[in-house]
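Chains A and B, in that order, are what the protein sequence lines are.
Residues 0 to 389 (numbering that gives the first Met the number 0) are what the first sequence spells out, left to right.
Residues 0 to 475 (numbering that gives the first Met the number 0) are what the second sequence spells out, left to right.
Keep in mind that a hint or two might mislead.
[Stated by the list, open to error] Cut-off 30 Å, straight-line C-alpha distance, at most; resulting in silico cross-link-like pairs (DSS-like, lysine-lysine):
hint: 1; chain 1: A; residue 1: Lys58; chain 2: B; residue 2: Lys328
hint: 2; chain 1: B; residue 1: Lys408; chain 2: A; residue 2: Lys378
hint: 3; chain 1: B; residue 1: Lys328; chain 2: B; residue 2: Lys314
hint: 4; chain 1: A; residue 1: Lys58; chain 2: A; residue 2: Lys378
hint: 5; chain 1: B; residue 1: Lys328; chain 2: B; residue 2: Lys168
hint: 6; chain 1: A; residue 1: Lys58; chain 2: B; residue 2: Lys168
hint: 7; chain 1: B; residue 1: Lys314; chain 2: B; residue 2: Lys290
hint: 8; chain 1: B; residue 1: Lys439; chain 2: B; residue 2: Lys408
hint: 9; chain 1: B; residue 1: Lys290; chain 2: B; residue 2: Lys408
[Stated by the list, open to error] Now the stretches of chain B that chain A is said to cover, found in silico as 3 or more residues with beta-carbon under 8 Å:
hint: 10; region: 188-198
hint: 11; region: 293-304
hint: 12; region: 354-361
hint: 13; region: 408-414
I should point out that these hints are in silico values taken from the structure, not numbers from a laboratory.
Fair warning: this is a prediction, and the values are worked out from it, not measured in the lab.
Cβ atoms here follow ideal geometry from the backbone N, Cα and C, with glycine treated the same way.
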Amino acid sequence: MQALEALTREARALAQGAIGLTPAETEVARQMQICNACRYCEGFCAVFPAMTRRLEFGKADIHFLANLCHNCGACLHACQYAPPHEFAVNVPQAMAQVRGQTYADFAWPMALGRLYQRNGLTLSVALAVGLALFLMLALALNGRLWGGHLHGNFNALFPHNLLVGLFAPVFLWAVLALGMGVRRFWREVTPATTGQPVRAPAAAEATHDVLRLKYLDGGHGEGCNNADDAFTLARRRAHHLTFYGFLLCFAATSVATVYHYAFGWNAPYELPSLPKLLGVVGGISLLLGTAWLFRLNLQRDPQHGDAAQKPMDLGFIALLFLTAASGLALWLGRGTPALAILLSVHLGAVMALFATLPYGKFAHGIFRTAALLRHAVEKRQPNTLALGAD
Amino acid sequence: MSFQTSNGPDVLVIGGGNAALCAALMARESGATVLLLEAAPREWRGGNSGHTRNLRCMHDTPQDVLVDAYPEEEYWQDLLKVTGGLTDEHLARLVIRASATCRDWMRAHGVHFQPPLSGALHVARTNAFFMGGGKALVNAYYRSAERLGVQVRYQAPVDRIEIEGGRFKAAWANGERIQARACVLAAGGFESNRDWLREAWGRNERGEWPADNFLIRGTRFNQGVLLRHLLDDHGADRIGDPTQAHMVAIDARAPLYDGGICTRIDCVSLGVVVNREARRFYDEGEDFWPKRYAIWGRLVAQQPGQIGFSVIDAKAVGRFMPPVFPGVKADSLPELARQLGLDEAAFLQTLGDYNAACRVGTFDHTALDDCHTEGLSPAKTHWARPIDTAPFYGYELKPGITFTYLGLKTDETAAVRFGGAPSANLFVAGEMMAGNVLGKGYTAGVGMSIGTAFGRIAGTQAARAALMQEVLHASA
Chain A
0 MQALEALTRE ARALAQGAIG LTPAETEVAR QMQICNACRY CEGFCAVFPA
50 MTRRLEFGKA DIHFLANLCH NCGACLHACQ YAPPHEFAVN VPQAMAQVRG
100 QTYADFAWPM ALGRLYQRNG LTLSVALAVG LALFLMLALA LNGRLWGGHL
150 HGNFNALFPH NLLVGLFAPV FLWAVLALGM GVRRFWREVT PATTGQPVRA
200 PAAAEATHDV LRLKYLDGGH GEGCNNADDA FTLARRRAHH LTFYGFLLCF
250 AATSVATVYH YAFGWNAPYE LPSLPKLLGV VGGISLLLGT AWLFRLNLQR
300 DPQHGDAAQK PMDLGFIALL FLTAASGLAL WLGRGTPALA ILLSVHLGAV
350 MALFATLPYG KFAHGIFRTA ALLRHAVEKR QPNTLALGAD
Chain B
0 MSFQTSNGPD VLVIGGGNAA LCAALMARES GATVLLLEAA PREWRGGNSG
50 HTRNLRCMHD TPQDVLVDAY PEEEYWQDLL KVTGGLTDEH LARLVIRASA
100 TCRDWMRAHG VHFQPPLSGA LHVARTNAFF MGGGKALVNA YYRSAERLGV
150 QVRYQAPVDR IEIEGGRFKA AWANGERIQA RACVLAAGGF ESNRDWLREA
200 WGRNERGEWP ADNFLIRGTR FNQGVLLRHL LDDHGADRIG DPTQAHMVAI
250 DARAPLYDGG ICTRIDCVSL GVVVNREARR FYDEGEDFWP KRYAIWGRLV
300 AQQPGQIGFS VIDAKAVGRF MPPVFPGVKA DSLPELARQL GLDEAAFLQT
350 LGDYNAACRV GTFDHTALDD CHTEGLSPAK THWARPIDTA PFYGYELKPG
400 ITFTYLGLKT DETAAVRFGG APSANLFVAG EMMAGNVLGK GYTAGVGMSI
450 GTAFGRIAGT QAARAALMQE VLHASA
C-alpha cells in the first residue's frame with residue numbers, strides 16, 4: 000500500500016516536472032529557494048514577483064523564470080548571499096545557463112539544437128559559406144570581382160529572382176524554425192503560468208515591456224549593471240539602437256519588395272526614397288548599437304551570465320555589425336569598381352545572419368517575449384499563496 | 000588630496016557600514032578630507048548593513064513609498080514599548096525626527112526606495128524599503144563616497160587608538176599609525192565575537208554555555224575589538240547590557256555567520272514549538288509577527304541545548320514565508336518525532352494534549368482570531384488548530400543574534416564621553432552607540448534609523464571639529 004502511494008507521488012512529481020532536472024535547472028531551483036526566503040530583489044524585475052507566486056520550482060517554472068530574466072545583473076550586486084558567501088547565489092548566471100540550455104532544447108528541428116553548443120563555429124561556417132556562395136556567383140555572372148559593367152546596378156549582377164530564390168527559403172525556414180521552437184516553449188510554460196489565455200491588457204503590457212526593454216531599467220529607471228555595481232542605461236540604449244535599427248533595415252527590405260512587385264519600381268533606390276531612408280537610418284543605428292553592445296559585452300562583469308555563451312553573444316553582435324557595415328559600404332561604394340565585392344559580402348552576411356537566426360542569440364528576444372507575455376498573463380490572476388499575511 | 004603627505008585626513012572614519020558611510024559622506028560634504036577604514040575585504044564590506052532592508056520613518060502625511068502617517072508620538076510610543084523604557088527620550092526623538100527628513104539626502108547618494116516587499120505589508124506604513132536591500136544601499140554609498148573623493152581602505156581593521164585628554168590623536172591599523180584631526184567610530188557591536196558572547200551570557204543552571212549555540216546572523220567582522228578597547232583601555236562611558244541584543248529564532252542549519260534574513264523560520268504561530276524534551280514552553284499564538292519575531296530568539300536561548308522545534312502540519316503550507324531549507328517531512332507524528340530525534344512518547348503526549356485542547360473557531364491568520372486552547376499550559380491563545388493533517392513538517396530552531404546593544408554612551412552631538420565629559424573630536428555612530436536608544440527589544444528598521452541619524456551627526460560634528468582645529472592651527 001505504501002509502495003503504491005510512493006509510486007503515485009512519484010508519478011505526480013514527474014508530471015509536475017519536479018524531478019528529472021538537469022544540473023543547471025537544479026541550481027536555479029536551489030537559488031530560487033534561497034531568494035524566495037529573502038525577496039530583497041522584488042523591485043528590480045519581473046523574475047522575483049513571479050518567483051513569489053511559487054513555493055516549489057519545477058522544470059517548467061525554471062524554464063519560464065530563466066527566460067524572464069534579462070541578465071541585468073542588479074540582483075547579483077545587491078545580493079547578500081552572492082559569492083564569496085557559501086550560499087553562492089548568482090541568479091543572472093544560473094538563469095543564463097538554463098536559458099542557453101532551453102534555446103538548444105526547444106530548437107526545431109531538435110537535432111539542430113546542437114548548433115547552439117558551438118555557436119561561434121556555426122556562425123563562422125555560415126558566414127564563410129554565405130560569402131563563398133555570393134563571391135563565386137558574382138565571379139560566374141560578372142566574370143570578375145573588381146569592376147565590370149555594372150554602373151551601380153545590382154540587378155545587373157544578381158537578377159532579382161535569383162536573390163528571391165536564394166533568400167526566401169532561408170528566411171521562411173528561419174521563421175518556421177523559430178516559430179516551432181517558441182511554440183514548444185509556450186506549450187510547456189503555459190500550464191505553469193496559470194494556463195490562462197492571453198487577453199488584450201496582458202498583450203499590451205508585454206508589448207510595452209518588450210519594446211521599451213523595461214527590465215533593463217533597473218526597476219528605478221537608472222538602468223542595469225554592466226561592468227560593476229554602478230547602474231547604466233548604456234545596455235538598454237545600445238539594445239534599442241540595435242533592435243530598432245534591425246527593424247528599420249527589415250522595413251526597408253519589405254518596402255522595397257512592395258515597390259518591386261506592386262509598382263514595378265526596381266532597385267537600387269536612391270535618397271530620398273523610402274527604402275533608402277529606412278535602410279540608411281536603420282543601418283547607421285544598427286552599426287552604432289552593435290558596436291556599443293560589443294564594447295559593453297567585453298566590459299561586462301565576468302560574474303554576469305554564462306561565460307560559455309560569450310562566443311554566441313559576440314558572434315551574433317559581430318554578424319549584425321558586418322551586415323550593417325557592408326550594407327552602408329555598398330551604398331557608399333555603389334558607383335565604384337568594388338560594387339561586386341561589396342554586394343557579395345553584404346549578401347553573404349545577410350544570408351549567414353538569416354540562416355543562423357533560429358540557432359543563435361537572436362532566439363533570446365523571441366523566448367523572452369514569450370516569457371514576458373506569460374508573466375503578464377500570470378500576474379493578472381489571483382495569487383493562491385497567502386504568505387506572511389499577518 | 001594632500002592628506003597622505005601631511006598630517007593625515009581631517010576626518011578618519013573607522014568602520015564601513017551604513018553609519019560609517021553616512022558619517023564619511025556628511026564629513027566630506029562639509030568640506031573635510033576623509034579616510035574610511037573598513038576591516039573587511041571589499042567583497043564583505045558594509046558590515047551588518049548589507050543584511051538590512053528598510054528604514055523606520057516618521058511621516059505626517061503619505062510620502063512616496065510610505066502610506067498614511069506615522070507621527071513622531073506614535074513612533075516614540077512604539078520605541079518606548081519595545082524597549083520597556085530602556086531608552087533616552089531626547090536621543091530617541093532626535094532619531095525619529097531625523098528619519099522624517101533623511102531620505103532625500105539618501106536618494107541624492109544613490110539609494111532607491113520601493114514599496115514594501117511581499118510578506119512585509121504590515122510595515123507598509125512605518126518602513127521605507129531599500130530597493131535591492133541593504134547591500135544595494137551600501138554599494139550606492141561607496142560609489143558616492145568614492146565619487147566625492149572619500150578615500151576607502153579595505154582590510155584595515157583598527158585595533159587601538161590614541162587618546163590624550165579626551166582628544167583623539169591617531170588610530171593603528173595593520174601596524175600603521177594614522178593621524179587625523181577628528182575621528183568617527185562606527186565599527187559595529189561585538190556580536191561576531193563568540194568568546195565575548197560566551198563570557199557575557201555565562202553559564203546557565205544546567206551547566207551550559209548558551210552562547211556557544213548562538214548563530215550570528217550578520218557579518219563575521221564585528222569582533223568588538225575597538226568597543227572593548229574604548230571601554231576597558233580608555234574608560235569611555237558605557238551604555239547597555241552585554242547580554243542585550245537583537246535575537247531571533249532561526250533555522251538551526253543556518254551558517255555560523257551571514258545567514259541574514261532568509262534563515263528565519265516564520266511558521267511558529269501556525270503550529271507548536273517544542274524543546275529538546277518535546278515539551279512546549281511558550282504561547283506560540285501570543286502576537287503577530289513583529290513581536291513574535293523579536294522574542295523567540297531569547298525563548299529558544301533559554302531552552303536546554305538552546306534548541307527548539309517548530310512543528311506544523313499540511314494546513315500551514317503556503318501560509319508563511321517559505322524557509323530557505325526544506326523542513327523535515329513525515330507522514331505521521333511518530334515518524335516526525337523519530338526524524339527530529341525527539342522522544343516519541345513525550346512528543347505524542349505533547350501533541351495529543353495540544354490537539355485535544357484546541358478550540359477551533361474561525362481561523363484567520365490576519366487577525367488575533369478565536370482559535371485557542373483550553374486547559375493547556377502554556378496556552379496557545381490564537382491560531383490554535385489541531386496538528387493532524389499529514390504531511391507534517393518540523394524545523395529545528397537556534398537563537399540567531401543580529402547585533403549587540405552594549406556600546407558607548409553619547410549625546411545629541413554623537414561625542415564619545417569620558418567621565419561624563421564629551422570628547423571634542425571623537426564621535427560614535429551605529430551599533431557602537433545604538434544602546435543609547437535601544438536598551439533592549441527591537442522594532443523593524445530602527446537600527447538603520449539610528450545608524451543614519453547618528454552617522455550623519457557624527458560626520459558633521461567630526462568635520463566641524465577638524466576644520467576648527469585647522470583654523471586654530473592656521474591662526475596660531
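Hints, one by one, checked against the model:
1. Lys58/A - Lys328/B: 22 Å, holds
2. Lys408/B - Lys378/A: 51 Å, violated
3. Lys328/B - Lys314/B: 14 Å, holds
4. Lys58/A - Lys378/A: Status holds; Cα separation ~20 Å.
5. Lys328/B - Lys168/B: At roughly 59 Å apart (the allowed maximum being 30 Å), Lys168/B and Lys328/B break the hint.
6. Lys58/A - Lys168/B: Distance of about 62 Å is beyond 30 Å: violated.
7. Lys314/B - Lys290/B: 23 Å, holds
8. Lys439/B - Lys408/B: 15 Å, holds
9. Lys290/B - Lys408/B: 27 Å, holds
10. 188-198: violated (count 0)
11. 293-304: violated (count 0)
12. 354-361: Three-residue rule not met by the region 354-361 of chain B, so violated; n is 0.
13. 408-414: violated (count 0)
Checked against the numbered hints listed earlier, the structure breaks hints 2, 5, 6, 10, 11, 12 and 13; every other hint is satisfied.
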